[in-house]
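Undergrad: Sequence order for the protein chains is A and Y.
Quick note on our numbering: the first sequence kicks off at 1 and runs consecutively.
Quick note on our numbering: the second sequence kicks off at 1001 and runs consecutively.
Hint data in this document are derived by calculation from the structure and do not stem from the laboratory.
Cβ coordinates follow ideal geometry from the N, Cα and C atoms, glycine included.
Be aware that one or more of the hints could be misleading.
[Unchecked claim] A partial selection of chain A residues facing chain Y, derived with a Cβ cut-off under 10 Å:
1. 18
2. 201
3. 281
4. 364
5. 366
Protein chains: 2
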Amino acid sequence: MSPIAPDYAFATPFLNPPASPIRSLMPYAMRPGTISLAGGYPAQELFDVEGLSVASTQVMARLGGCLQYSNIDGQASLREQLARLSAARGLRCNPDTELAVTGGSQQALALLSRVMLQPGDHAVIETPAFPNSVQALRYTGAAVHTVPSGPQGIDLDALDELAARVKPKMVCVVASFSNPCGATLARERRLRLLELAVRHRFLVVEDDPYSELRFDGEAVPPIAALAEGEARHWAVYLSSMSKTMAPALRIGWLVAPAEIRRRCVGAKAADDMACSAWIQEVVAQYLANGRYDEHVPRIRAAYGLRCDAMAGALARELDGRIRFSKPQGGMFFWARLTGDVDATRLLPYAIEHEVVYVPGKAFYANPAEADLHAMRMSFATMNEAQIAEGMVRLGRALTACEANEPVSVSLAA
Amino acid sequence: MSPIAPDYAFATPFLNPPASPIRSLMPYAMRPGTISLAGGYPAQELFDVEGLSVASTQVMARLGGCLQYSNIDGQASLREQLARLSAARGLRCNPDTELAVTGGSQQALALLSRVMLQPGDHAVIETPAFPNSVQALRYTGAAVHTVPSGPQGIDLDALDELAARVKPKMVCVVASFSNPCGATLARERRLRLLELAVRHRFLVVEDDPYSELRFDGEAVPPIAALAEGEARHWAVYLSSMSKTMAPALRIGWLVAPAEIRRRCVGAKAADDMACSAWIQEVVAQYLANGRYDEHVPRIRAAYGLRCDAMAGALARELDGRIRFSKPQGGMFFWARLTGDVDATRLLPYAIEHEVVYVPGKAFYANPAEADLHAMRMSFATMNEAQIAEGMVRLGRALTACEANEPVSVSLAA
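Isolated chain A, as found in the complex (with noise of 0.2 Å):
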């Protein structure tokens, strides 16, 4: 090829795309001996190997009954399935006009996203958020405008303020252990939230990966399903299986007013005609197994001791110097350094003592509201005793960081 490459005339969101900080610390994360707090992902050792193992068996025995172009909006046994779980949280809908199976919720986002909005439009994100949720409507080319969250979720005043001036289109919120705070809006806030929906018109996408690993405190319903009346048209629910069953399933869902519903379905014929038959089979299987059931509740218990861990750890090893507040479900500490040193400037530190967390900044859509004090650190991962042992580097870490000691570990900026 001749060396230089043309001036492709990229499409606007597609011109400098944005480096991924999470993905480029995924090297030093990965290091023999180093701990890792750094990862989204739920623990590989608690995958139920066996119950997807005997569900794959038993669609393998029809294989060939499984292997066409599935439905669009997905399988009939799947939606049926994932309707039955909806309703266990408490959110009833019909698996054939409101249901439809998407490539985790990740491409729910991403369609609706696509359905709802072009340039010169507005959406809304609490921040800090998930980068790929603000990637998602970023790139439909609509202005990305948003509202602070903290430990009780999304600044419910200032999104009433914001909503009347720019009008969005699409509020989007993770309501239960949000990615990073952990935070779960409380009932009477999510009403409040489809009060706001409803006079200003616009769509509440609650992204609800997390609210089945609750380990503490007392179950809230999704948004949509405290949705009466009118506020019913304006309340859309994503889901996924990554965080409970697995990501390489990529096996997500949205539950969607059913004019909606059926423009996502379009999208998905013209962005990868549906998801596998193949898979979507296997976890149908494992649903109608009854191996769900009996699995969520194993990593919901895991997951509760590791929290237990992390929040006594920290206060074991750093009292003071980092705050907290301990979440009740979900895979995320959201904590923040109390002292001069800030998450970014501690993290070669980490590194060189072999334990990674996030700086918090990565998951501000509008860097220059980062909170720079921040930082994520998920406690899925790794058993309590490296996270305990973690805790320790981290103390050392800072300590040698707050000294000024040389360091060998360098970042790019």
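Position chain Y against the provided structure of chain A, taking the given hints into account.
TA: For chain Y alone, kept in the frame of chain A given last:
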């Protein structure tokens, strides 16, 4: 829910989503006893269920390691195998910088379209063409122009003239055994297409699901494989396992210049995170087992016999009433009614006589350009006896239609 849905402010391309004339035929095509030539599906009874079961069982033995998130660009094992397969077709590439795994070639086209196109931009696709390809381009908000295609493939003089006028960023073709035309672009025409790409600075995007299904004549290399010097910057290759292995795998791939491929991978992160690591490992294992190289000649031979059967039966049963050129590969006959009756008028008679095809007008992005006498007939999913019987029925249906006999089937316009 309150009975009346609000007028949602959908993005422009989704205000009035098109109905799919092909999908609307499926209920008729699936009636017991009906001979369906309508689907774009590969033959189910020819899937290598045994080979896939062997690969799946091998992967199941190491399933615990295949359940996490895949790399966004695909599992290294599969990228290596797909690079090898591309090389066997004449196209060499670096599996780490120029190749990415996608959810079928449909997703590859959708990603590329989003990376390149936005409202105000122009794209070109041959016509007739697969409607989902047209939709992938249209959903970006770009203007989609058509260039006529026929038995020799896309009209390059017309393209040259159009490109000078509208400055398209992408020109999309299926160069081998196109859907619906069954046409193949000869080598010298591929070279001229590359010249036009360099001159007008557009990407030539070749979607190639069918080239390995050649049962007659000599193989022509992919367009990107013929690109030299500057032209290499302007050629993108898309392919899929859907027609040669099975659609339910949802595995395709793209080969593109690194700067373009990198952005498609970024778009995929926001679209669906990655393809299933599990399924990718099954496909990589299947390829590594050498089953693919054994399987493809088998389906190629079977499709060749079916194509012969259709050509023979068409000549025998509809001599002079339907004109066609026999394809050298793929799955489709593009045929033309020579009399007064057009393909839409004939369809209810055909359904009544228990044979279903797709009227050609379904494949025209611009309805005003449609050849109303054209029809697409797939020979892939019916055996030789069924195909022969289907042509007998089609002859009877045409006679009934020409005689204006009453017909009980009524189709939406």
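Undergrad: Would the stated hint for residue 18 of chain A survive a check requiring a Cβ distance to chain Y of less than 10 Å?
TA: holds (8 Å)
Undergrad: When the nearest CB of chain Y is found for residue 364 of chain A, is that gap smaller than 10 Å?
TA: Where the cut-off is 10 Å and the nearest Cβ of chain Y is about 17 Å from residue 364 of chain A, the hint is violated.
Undergrad: Regarding the hint that residue 366 of chain A lies at the interface with chain Y, is the smallest CB-CB distance below 10 Å?
TA: Violated, about 17 Å.
Undergrad: Taking the least C-beta to C-beta distance, is residue 281 of chain A closer than 10 Å to chain Y?
TA: Given a least distance of 9 Å, the restraint on residue 281 of chain A holds.
Undergrad: Taking 10 Å as the limit, does the beta-carbon of residue 201 of chain A come near enough to a beta-carbon in chain Y?
TA: Hint on residue 201 of chain A: holds, closest Cβ of chain Y at ~7 Å, below 10 Å.
Violated hints, listed in ascending order, are 4, 5; each of the other numbered hints is respected by the structure.
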